[in-house]
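These protein sequence lines map, in sequence, to chains A and B. At position 82 of the first sequence the residue is numbered 82 (our numbering), and the sequence of numbers has no breaks. At position 291 of the second sequence the residue is numbered 291 (our numbering), and the sequence of numbers has no breaks.
No lab work stands behind these hints: they were computed from the structure. Keep in mind that a hint or two might mislead.
Simulated restraints on C-beta separations [what the hints assert, rightly or not]:
| hint | chain 1 | residue 1 | chain 2 | residue 2 | range |
| --- | --- | --- | --- | --- | --- |
| 1 | A | Ala60 | B | Gln363 | 31 to 41 Å |
| 2 | A | Lys108 | B | Asn393 | 39 to 49 Å |
| 3 | A | Trp43 | B | Gln48 | 50 to 60 Å |
| 4 | A | Trp43 | B | Ser235 | 52 to 62 Å |
| 5 | A | Ala150 | B | His429 | 15 to 25 Å |
| 6 | B | Pro199 | A | His22 | 21 to 31 Å |
| 7 | B | Gly159 | A | Pro6 | 48 to 58 Å |
No residue lacks a Cβ here, since even glycine has one placed at the ideal position from N, Cα and C.
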Amino acid sequence: MDELIPVLSDSEIAAIDAEIAHVPYSAAVAIDALKIVQEHRGWVSDESLKAVARHLEMPAAELEGVATFYNLIFRRPVGERVILLCNSITCWIKGCETLQAAISDELKIGLGETTADNGYTLLPVTCLGACDRAPVMMVGEELHQDLTEAGVRSLLGGEQGDD
Amino acid sequence: MTDTLTRPLTRNVHPDRRPTDLAAYEANGGYRSLRSNIGQRTPGECLQILKDSNLRGRGGAGFPTGLKWSFVPMDDGDAGPKYLICNADEMEPGTFKDRLLLECDPHQLIEGMILSAWTLQANIAYIFIRAEYHLATRLLREAIAACKERGYLGANILGSDFSLDMYVHVSAGRYICGEETALISSLEGKRANPRAKPPFPQVSGLWGRPTIVNNVETLCNVHHILEHGADWFQSLGQGEDAGTKLYGVSGRVKNPGCWELPIGTPIREILEEHAGGMEEGYALRGFLPGGGSTDFLTPEHLDLAMDYDTIGKAGSRMGTGTMIVLDDRTCPIGFILNLTQFFAQESCGFCTPCRDGLPWSAQVLQAIENGEGRAGDLDTLAYQIDYIGAIGNTHCALAPGAMEPVQSALKYFREDFEAHIERGACPYHGRGAL
């Protein structure tokens, strides 16, 4: 479980220090540093958080306050791909609740949960700024638009090589 | 492709939305304004042109941009840094206009930012972008690298004594980051709590230094105005306001989308001609004119001009200019419940009326929607609107904004609230359907 290693790797340190280079003090890159660690380890464990706090010379409790404020800093493990399902107003009008039910049925997970094979985590997200193509969701870094229940099922079921 | 002089912001937007690279941008007149202004006009002259143009902030508040910038201390012998920040944290529910500008024409934003920074004599610029805009982030980073290579960014731009470094900061979520002082807190690596004003960011912003924060669309206008002049910009608008505006429509209309039109275009033209009118089988009940934190307007308002003052006088706000349509088969209470839950979730938690008041409103609305509403609930909502919605009771504008669709829903759709309570059920069976 390398994400539990309480020291930062050389490449993590290099990336964080590159951010520190253009700000007045190291704690100013708290969010960037958490994201760098999350990119390397998938999520931010207690051990990772303490290592980042030490590197930025700031209290771990203060960094925890920052980490838990932002919804895209993951303080719990997530699957290989995170599904961000938009549940804001236009997607709601266009049936995102039906999509959520279909995703949950297909993957056997609810909001905030990860599939048994660690393939997907399902999270709600605020308006994704693609309301003319609602309903929408992201899978990893990819935006999927004009979604239908069948489309979502084939996208997620198909990719998984369903049982 | 649209005409450069009448649709400046979308002149490089292709129907297939492919991005415009540096070569294509320059071939269509790009960075010409940079060459004719940096080291050619003084910052003071540039600021005067912007003031004369009557450009107003496109992020939602509509504050005059030149006036906002005029509060930045200039020529006061202070050699410390000043900052320019682009607010690309597009997250207002129902808003999808900045994504278009970022993904289709990143150099337009960068040219606008360089000339804004020149006008303000700011040497460091940030683009604060939401984490989900991966494509835009990549395109902006590539565009910044290309500009550095070309001498448009970095030290001594185009041989002048003006230098500018530009960075992309990718956010980690939360709607409140779009509030400019919360954005500054977040850029400093902190929780995104808004700050008390004064001091205003123009005097004490990022790291306590003079800072200007403007929306993507606002900054994209700057180099066009400096190239073609204040009179040209004024002539683009159809009424009191100047320039063009990216207008959008989403919901149950035939052709949802986003279009650059003269500011002040009538709502009917946007909804019926550009958005194609309602989908078959749906009728228009109302719409939020500019995102989730604006008051409902109704079909009786269709002939109003979409500009700041006209929409303001009608009791709403133009906001971001992207309308969300409420049709006759979607429950108005479900609609505002969705929005209220959004705002309750996105409260930064700093002040009590917002942190505790918005979840309370959501609870009352949820009960009504579930058919468990009671006779006194509408009075409770009215009390919440008075208390949470009053500017000055909360630390920032999030909670008052959240109350706008609620108060106008009560005004225009009161019979729907009463029907829910009387029947003990939602007459619409709740929700949106695919």
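Does the beta carbon distance between Ala60 of chain A and Gln363 of chain B stay inside 31 to 41 Å, or does it fall outside? This hint holds: roughly 35 Å between Cβ atoms.
- Task: Hint says 52 to 62 Å; check whether the CB-CB distance for Trp43 of chain A and Ser235 of chain B agrees.
- Result: 54 Å, holds
Q: Just tell me: holds or violated, for the beta carbon distance of Ala150 of chain A and His429 of chain B against 15 to 25 Å?
A: 22 Å, holds
Inset, instruction - Could you tell me whether the CB distance from Lys108 of chain A to Asn393 of chain B stays inside 39 to 49 Å? - result: 45 Å, holds
Can you tell me whether the CB distance of Gly159 of chain B to Pro6 of chain A sits inside 48 to 58 Å? Holds, since Gly159 of chain B and Pro6 of chain A (Cβ atoms, about 51 Å apart) stay within the stated range.
ask   = Is the hinted range of 21 to 31 Å satisfied by the C-beta distance from Pro199 of chain B to His22 of chain A?
value = With a Cβ separation near 24 Å, Pro199 of chain B and His22 of chain A satisfy 21 to 31 Å, so the hint holds.
Cβ distance range 50 to 60 Å for Trp43 of chain A and Gln48 of chain B, holds or violated:
Roughly 52 Å apart at Cβ, these two residues keep to the hinted range, so it holds.
Violation of the numbered hints given earlier is absent; every hint is satisfied by the structure.
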